[in-house]
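**Student:** Now for the letters of each chain:
2 protein chains.
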Amino acid sequence: QQKGIRGKLNILFDAMEGWIVVLAVGVASGILAAIIDITSDWLSDLKEGYCETAFYLNRRFCCLGYDDEQIECNEWIKWNTALQARSASAEFWTNYLFYIIFSTLFATIAAYLVKVYSPYSAGSGIPEVKTILGGFVIRKFLGWWTLIIKSIGVCLVVASSLCLGKEGPLIHLACCCGNIIPRVFPKFRYNEAKKREVLSAAAAAGVSVAFGAPIGGVLFSLEEVSYYFPFRTMWRSFFCAMVAAVSLAFMNPFRTGKLVLFQVVYDRDWHAFELLFFALLGVIGGLYGALFIRMNLKIAAFRQNSWLRFFSVHEVVFVSVLTSIVSYLNIFMRVNPSELVANLFRECVGGDYHNLCNHSNHWKPTLLLLIASVLKFFLTAITFGLKVPAGVWLPSMAIGACFGRAVGLAVHAWQLNNPNFWLFASCAPDGQCITPGMYAMVGAAATFGGITRMTVSLVVIMFELTGALTYVLPIMITVMISKWVGDAFDKEGIYDGWIRMNEYPFLDTKEEYVYNTSASQVMTRVEDLMVIDTTGHNTLDSLKQLLRDTGYKGFPVVNNKAKNMILNGYISRSELKYAIDKARGKQGISSSSSCYFSSNLPVLDSSPFIDFQPWMDQTPITVSHKFPMEMVIELFRKMGLRYVLVTKNGQLLGLITKKDVLRHLSVMHHPNFSDNDDLQDP
Amino acid sequence: QQKGIRGKLNILFDAMEGWIVVLAVGVASGILAAIIDITSDWLSDLKEGYCETAFYLNRRFCCLGYDDEQIECNEWIKWNTALQARSASAEFWTNYLFYIIFSTLFATIAAYLVKVYSPYSAGSGIPEVKTILGGFVIRKFLGWWTLIIKSIGVCLVVASSLCLGKEGPLIHLACCCGNIIPRVFPKFRYNEAKKREVLSAAAAAGVSVAFGAPIGGVLFSLEEVSYYFPFRTMWRSFFCAMVAAVSLAFMNPFRTGKLVLFQVVYDRDWHAFELLFFALLGVIGGLYGALFIRMNLKIAAFRQNSWLRFFSVHEVVFVSVLTSIVSYLNIFMRVNPSELVANLFRECVGGDYHNLCNHSNHWKPTLLLLIASVLKFFLTAITFGLKVPAGVWLPSMAIGACFGRAVGLAVHAWQLNNPNFWLFASCAPDGQCITPGMYAMVGAAATFGGITRMTVSLVVIMFELTGALTYVLPIMITVMISKWVGDAFDKEGIYDGWIRMNEYPFLDTKEEYVYNTSASQVMTRVEDLMVIDTTGHNTLDSLKQLLRDTGYKGFPVVNNKAKNMILNGYISRSELKYAIDKARGKQGISSSSSCYFSSNLPVLDSSPFIDFQPWMDQTPITVSHKFPMEMVIELFRKMGLRYVLVTKNGQLLGLITKKDVLRHLSVMHHPNFSDNDDLQDP
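The listed protein sequences correspond, in order, to chains A and B.
The first sequence begins at 985 in our numbering and counts up one residue at a time.
The second sequence begins at 985 in our numbering and counts up one residue at a time.
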């Protein structure tokens, strides 16, 4: 308790420290996202050609002088020009080949880097981040190596033709920043709760830079990722997400002032009858989600359990070659998904984009879009789970946008051909009535919702992409329907599915459990536990023996084990170990010295002894043996407990750990759950 | 467990029921808000004149043909014209008089209605809504009478010249809808938890219609109002808020397509150096908040404890006359605050508004604005707490907007006179650099933040008012500074202050408590409790006697009171009463029949007995006597407990109720807290 100006300054710094940390995390995430955007854009364009004036420029920057994107600029050299392949077929085959080669090269390098340097960089990282925020430690998952390799990897894979996005990895990378930066501050280094707060904020920053949606990021962190979200965390997360967005805007990676490519502004409103089609898109989105999750998990399980797991790099090469061969032939699959989504979202004002706005011929683009959405579905299902950094959000949105735009084009054609049909009565007689771009956006929201089962945060993200409150209602209805349809098949989103498949110890905070089990049915019975008896003769040796013989994470301490087993406290394995190590250094303590766990310390005994009480949890949370299991689960979830002791009139009956709870839950839900000991309690 | 289509349909309806309820609440809130907007606008304009063509039209609707607001329209008859007072002074005095008369008339009717029909309609209602969502029942607070009287009252007071807003009351009214509508559905009528979920959603809808900010509403409900906010609630709240906003937009009360008058669009960006002035506004906002809360609570305490409390209507008359006399003389105080805020937020593009955009004369409007903000401060401090429906948000925003615009004008004048000053180096040489309207908005956010200490939700509300992400960062920084400055004086916002003053039993979920007390220091000791002894001879008569003699809310049940007092369970007063009442009707039961509270039921005893076990909580939550008090508070907050039993090795030592916790907390914070028994546990 310091007084005076110095004390006040210390308090101020103390209060500021948290803000400084999230500020740094936000800035780092924003800059990292900008670098990844720029690099991957350049690499991606390298598949088509190179910039003559400066090889390190991507197509857009190379052609910055040319206003219209449609005009070919002279500085940008396509590969066929470079190789002087001039006939039409030679041009096609040269570019096709280069597309396949570069695409596969990028994917292969990424897969190799991941395999050799950082296996944790694979996948989106969101299931693991969820698990970590749920209170478990996966060592090195958020370390330097992951940060570096995943950053490089994500640039490469996004530039390849693989069906994946950088959104999930960006969240993982932001969390890496959120793990590494606080290490500088002692207050954060040793405080798990504070660390987790920063991680929640970092996750928000990740979404903020991935979608240019800071508020959506905070809600995502709240809804999807964070386990325990006190209000202070929310405010800090918001700050962190804002700072990240501002940093990204400052870097301005696309030179358009937009935070992400696919931000749109519509200047037309929607009509009530369109809700019908939006609802249809919602149903499709839900079906897509359910189907995708099942298929993807099946493929992933096969990958994990078969010979395939030894050939992760070969698999990436194969999928990459396959994807690029298929993708090049359909313009809607050739371009990178972020650009595709941007183009599909766009209204038909100003330029056209691959005949999407040619009102005389609707059928060709509609067909191409439908083919693209189906092929992308299968390719994404194979791709998500490969051992490269890969997110599933953007491909899902691309699939939805393709399908949505196809539906939009169809409706548009219908309306143009039958303007007097009763459904279109509310259309203005002159001017365009249907905006197919809006259908693409609604479709993207539907598939996004179907796969992640996010609700509020998804709607807010889409709202921030358009900036207008008008479109929130249709998006909301679509997302709701998509979620309902998806939930009718399986209750879990893709991340929960992966968590279950990987058997991560994660206790869902959203599900409601109503079972008629009591604590005594789930607990590990006292007979199967090792307890420390205060009335027994404990020596340093006997305790060391106990540690050596058993692998338990902790030991209940009881009075008079033989008779009434009255609970006295609980000592965790690490505390016990620490106390023993500390005691050994003391004078007069030998390995046969007595150890005491109760307040009945010997007063007349002259030989030195050790008092273990300070290391013991003297007030563990206890529940009665008849206590309903739902309430125990609530206790675990809301209080962040790791164990609860079960007593009957003060007498110890058993112990329930978080793992017992998880095992109990999974037995209820999924009969073939097994224990996973790779993951450690913190 | 029904099967088949019928069962599935039942399940579907069951799942839909919650959505239908929030849909209805949303629609009701939206329509109610629209009606209040239209009515209060009309009444407000009645102070100035009336519409010749149709007396029930307000000025804007009356003059709908006239495009420019500045031109006087012929259909709108000012009072001086009606009374043919033609000289300048006669015109002034006539209008002044009518202003005072109407204003006072409206306020007086409102005060009278509140006093006679519904005292609960007074004030903003937010402190009470918070308390109700915290788990306490205030009977009739959200009933029909409150809904009707507060709706009428809020129209009247908003139309009067009193310094108050309709935002708080709108939230209260939405909660009334959220309380009344679910009564139709049996599932909701009897389930307190579900009722509270709907109330949380209703609060979100209230903010949604008050500010046209559905997302801000949800976050407000989460941040400020709701005690326990599971994720499902969030999604429903969002839906409810959206529906309310859409309903309001559909009614289009302002005929501008805007949901609230003061939505703005800026087409200029801010400069980094302006953050300095925004920070200054933040400091002022924080100081304003701290000062206002202290002053307002002092006045309110005086009102409650002096003779003044018997003259609530007279007081309203007095304040109303005073306010209208003062307000008429300053144009920025004469118009209703919602219009004022809208005009102050506006950029100087297109029309001018009372010389705010006249760049040659900055000083007159600046001075008028400063006078307005100071006078409004004192008037609002007196007004908030009067026995009329009254919110404090809008007047706070108006004060901040006045002050902010004044600062903006000053900075603008400075920049115009010294364009080469180093601070303004980043200004473009031609064109306007400073946007005073933005200063008004930032100032409004600062005072709003200072008074409510809201954070995320406030920023999101302001974001939704402008719709552009660009202005979020300055607003955020301002709100943050305002909160820090305010918190440096008092940690509580205005609502928490009122809750404390009214001694509502509310346990704040946001504060962190770190004390070195243990459960045994706070508990009511077992010696001071009435316990039921299972080994004693309990008869119906003795139990009835117990109920008659004591006022306790519940009784611990112990084994062998005399010897070891082993805890067996807990029975609440109401359950005991119910069980006794039920037993009395049974055959063979007399008032001397034995009552049993343990599983040792008599088997050989032939006389009839009553088993009270089913009515008893057989697994109450217990904590050890050494359990730290912070953890007990956490248990209460997170598990929504109402009591916890303190034991030592199974032996009952005492009882801690929610009230004990509150008393403990308030003793720590505010030494002169007393018990309040008007409010009841549910």
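Calculated directly from the structure, the hints in this document are not laboratory data.
Incorrect hints may appear among the rest.
Just so you know, same-sequence chains aren't split out, so a pair can sit in one copy or run between any two.
Below, a list of computed lysine-lysine pairs in the DSS-like style, where the Cα atoms sit at most 25 Å apart [stated by the list, open to error]: (1) K1632 with K1282; (2) K1545 with K1632; (3) K1545 with K1062; (4) K1643 with K992; (5) K1545 with K1610; (6) K1475 with K1178; (7) K1171 with K1547; (8) K1062 with K1242; (9) K1475 with K1124.
**Student:** All hints are to be evaluated individually against the structure, with a verdict given for each.
**Tutor:** Status of the hints after comparison with the structure:
1. In this homomeric assembly, K1632 and K1282 never come within 25 Å of each other (Cα to Cα): the closest approach is 45 Å inside a single copy and 52 Å across copies.
2. In this assembly of identical chains, K1545 and K1632 lie within 25 Å of each other by CA distance both inside one copy and across copies; the values are 15 Å within and 17 Å between.
3. When the C-alpha separation of K1545 and K1062 is checked against a cutoff of 25 Å, the pair qualifies neither within a copy, at 82 Å, nor between copies, at 93 Å.
4. Taking the closest pair of Cα atoms, K1643 and K992 never come within 25 Å of each other, the shortest separation being 44 Å inside a single copy and 34 Å across copies.
5. In this homomeric assembly, K1545 and K1610 come within 25 Å of each other (Cα to Cα) both inside a single copy, at 22 Å, and across copies, at 22 Å.
6. Taking the shortest Cα distances, K1475 and K1178 sit within 25 Å of each other only across copies (22 Å), while inside one copy they are farther apart (31 Å).
7. Taking identical chains as interchangeable, the C-alpha atoms of K1171 and K1547 are never at most 25 Å apart, the minima being 45 Å within one chain and 49 Å between chains.
8. For the homomeric pair K1062 and K1242, neither the shortest alpha-carbon distance inside one copy (27 Å) nor that between copies (50 Å) is at most 25 Å.
9. With identical chains, the CA atoms of K1475 and K1124 are never at most 25 Å apart, being 31 Å at best within one copy and 40 Å at best between copies.
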